[in-house]
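Engineer: Given these sequences and hints, build the entire structure.
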Amino acid sequence: DGGITQSPKYLFRKEGQNVTLSCEQNLNHDAMYWYRQDPGQGLRLIYYSQIVNDFQKGDIAEGYSVSREKKESFPLTVTSAQKNPTAFYLCASSISGFETQYFGPGTRLLVL
Amino acid sequence: GQQLNQSPQSMFIQEGEDVSMNCTSSSIFNTWLWYKQDPGEGPVLLIALYKAGELTSNGRLTAQFGITRKDSFLNISASIPSDVGIYFCAGLGGNKLVFGAGTILRVKS
Chain A
1 DGGITQSPKY LFRKEGQNVT LSCEQNLNHD AMYWYRQDPG QGLRLIYYSQ
51 IVNDFQKGDI AEGYSVSREK KESFPLTVTS AQKNPTAFYL CASSISGFET
101 QYFGPGTRLL VL
Chain B
1 GQQLNQSPQS MFIQEGEDVS MNCTSSSIFN TWLWYKQDPG EGPVLLIALY
51 KAGELTSNGR LTAQFGITRK DSFLNISASI PSDVGIYFCA GLGGNKLVFG
101 AGTILRVKS
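For the protein sequence lines, the chains are A and B, in the order given.
For the first sequence, position 109 (counting from the first letter as 1) is numbered 109 according to our numbering, and the numbering increases by one without interruption.
For the second sequence, position 7 (counting from the first letter as 1) is numbered 7 according to our numbering, and the numbering increases by one without interruption.
Bear in mind the hints are in silico, worked out from the structure with no lab data behind them.
We treat Cβ as the ideally placed atom computed from N, Cα and C, and that holds for glycine.
A couple of the hints might just be wrong.
Unchecked claim - Here are the in silico distance ranges between beta carbons for each label pair:
1) P81(B) - G40(A): 34 to 44 Å
2) F12(B) - K57(A): 22 to 32 Å
3) G59(B) - K14(A): 28 to 38 Å
Said to hold, decoys possible - Below are the DSSO-like pairs computed for lysine-lysine, each with C-alpha atoms no more than 30 Å apart in a straight line:
4) K70(A) - K9(A)
5) K70(A) - K57(A)
6) K108(B) - K51(B)
7) K9(A) - K96(B)
8) K14(A) - K83(A)
9) K70(B) - K51(B)
10) K14(A) - K57(A)
11) K57(A) - K96(B)
12) K108(B) - K71(A)
13) K51(B) - K83(A)
14) K57(A) - K83(A)
15) K9(A) - K83(A)
16) K9(A) - K71(A)
17) K14(A) - K70(A)
18) K71(A) - K57(A)
19) K70(B) - K96(B)
20) K57(A) - K70(B)
21) K70(A) - K96(B)
Claimed, not checked - Which chain B residues stay away from chain A? Per the calculated CB distances, all over 10 Å, these:
22) L33
23) A48
24) G85
Structural biologist: Next comes the structure, spelled out in structure tokens:
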């Protein structure tokens, strides 16, 4: 069963803490993306990667970091520098860069 | 930067009615995509449009890629309760996918 998985579904962060959100895909897609969704707003691009070991900043990369060591995996770290991290985080992938994107189920991050 | 204007922002309609929503842009796009998002879930791709003027259907859904390449619309015929959710348009131009703010659809049964 091909698809994109994100874990955990819910994540709680304490002040000053870094947290990592997982995204895995078994679609053999080259490109992967992270978006942030706030209530009543569209999706905003945080980071994207078109190939293993390479990634670029999106529109709102400050306070976030990523890695792409394997084709299947694109974890997102929300660092303590991100002052307003509460949001719904969506991972997506596409066959190649910026073609039709398919989304995972999302991770909701809450600050304690 | 590029922006998509999606309208209406929300709709509250009677079950069985047809629904129409649209997206416009000041920029040209090569691809238009329509997604549906249920509460607490990721967006699911409904329809992808790759050619100006293209009209594509998926069950009760019909979408068109505007001839100017700057707009697209989505129609839902004979709405049912499970159509509730947020519908997003997205335009792909160059190396960027730009999303509209979404249309919230509520159906009264």
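Engineer: For every hint, state whether the structure bears it out.
Structural biologist: The hints, checked one at a time:
Distance hint check for P81(B) and G40(A): the Cβ-Cβ separation is about 23 Å, which falls outside the suggested range of 34 to 44 Å. In this structure the hint that F12(B) and K57(A) lie 22 to 32 Å apart at CB is violated, the actual value being about 39 Å. G59(B) and K14(A) have their C-beta atoms about 46 Å apart, which leaves the hinted 28 to 38 Å range violated. For the suggested pair K70(A) and K9(A), the alpha carbons sit about 22 Å apart, so the restraint of at most 30 Å is met.
Annotation: proposed proximity of K70(A) to K57(A) holds, straight-line Cα distance about 18 Å (limit 30 Å). The straight-line distance between the Cα atoms of K108(B) and K51(B) is roughly 35 Å, outside the 30 Å bound, and the hint therefore fails. Simply put, K9(A) and K96(B) have alpha-carbon atoms about 27 Å apart, close enough for the 30 Å limit, and the pair holds. The straight-line distance between the Cα atoms of K14(A) and K83(A) is roughly 12 Å, inside the 30 Å bound, and the hint therefore holds.
For the hint pairing K70(B) with K51(B), the CA-to-CA distance comes to about 12 Å; that is within 30 Å, so the pair holds. For a cut-off of 30 Å, the pair hint linking K14(A) to K57(A) stands: about 25 Å separates their Cα positions. In summary, the hint linking K57(A) to K96(B) is supported, as the alpha carbons are separated by about 12 Å, within the 30 Å threshold. Restraint check for K108(B) and K71(A): the C-alpha separation of about 44 Å exceeds 30 Å, so the hint is violated.
With a CA separation close to 42 Å, the supplied pair K51(B) and K83(A) exceeds the 30 Å bound. Restraint check: the Cα-Cα separation between K57(A) and K83(A) comes to about 18 Å, which is no more than 30 Å; the hinted pair holds. Of the supplied pair hints, the one linking K9(A) and K83(A) holds, its CA atoms being roughly 21 Å apart against a limit of 30 Å. Between K9(A) and K71(A) the alpha-carbon distance is near 22 Å, which keeps this suggested pair within the 30 Å criterion.
The hinted pair formed by K14(A) and K70(A) meets the criterion: a straight-line CA distance of about 29 Å does not exceed 30 Å. Restraint check: the Cα-Cα separation between K71(A) and K57(A) comes to about 18 Å, which is no more than 30 Å; the hinted pair holds. Between K70(B) and K96(B) the CA atoms are separated by roughly 15 Å; this keeps the pair inside 30 Å, and the hint holds. The suggested pairing of K57(A) with K70(B) holds, with an alpha-carbon distance near 26 Å, which does not exceed 30 Å.
For the given pair, K70(A) sits about 23 Å from K96(B) by alpha-carbon distance, which is consistent with the 30 Å threshold. The Cβ of L33(B) sits about 6 Å from the closest Cβ of chain A, inside the 10 Å cut-off, so the non-interface label is violated. Residue placement check: A48(B) does not keep its beta carbon more than 10 Å from all beta carbons of chain A (closest about 5 Å). Distance check for G85(B) against chain A: the nearest CB is about 13 Å away, which clears 10 Å, and the non-interface claim stands.
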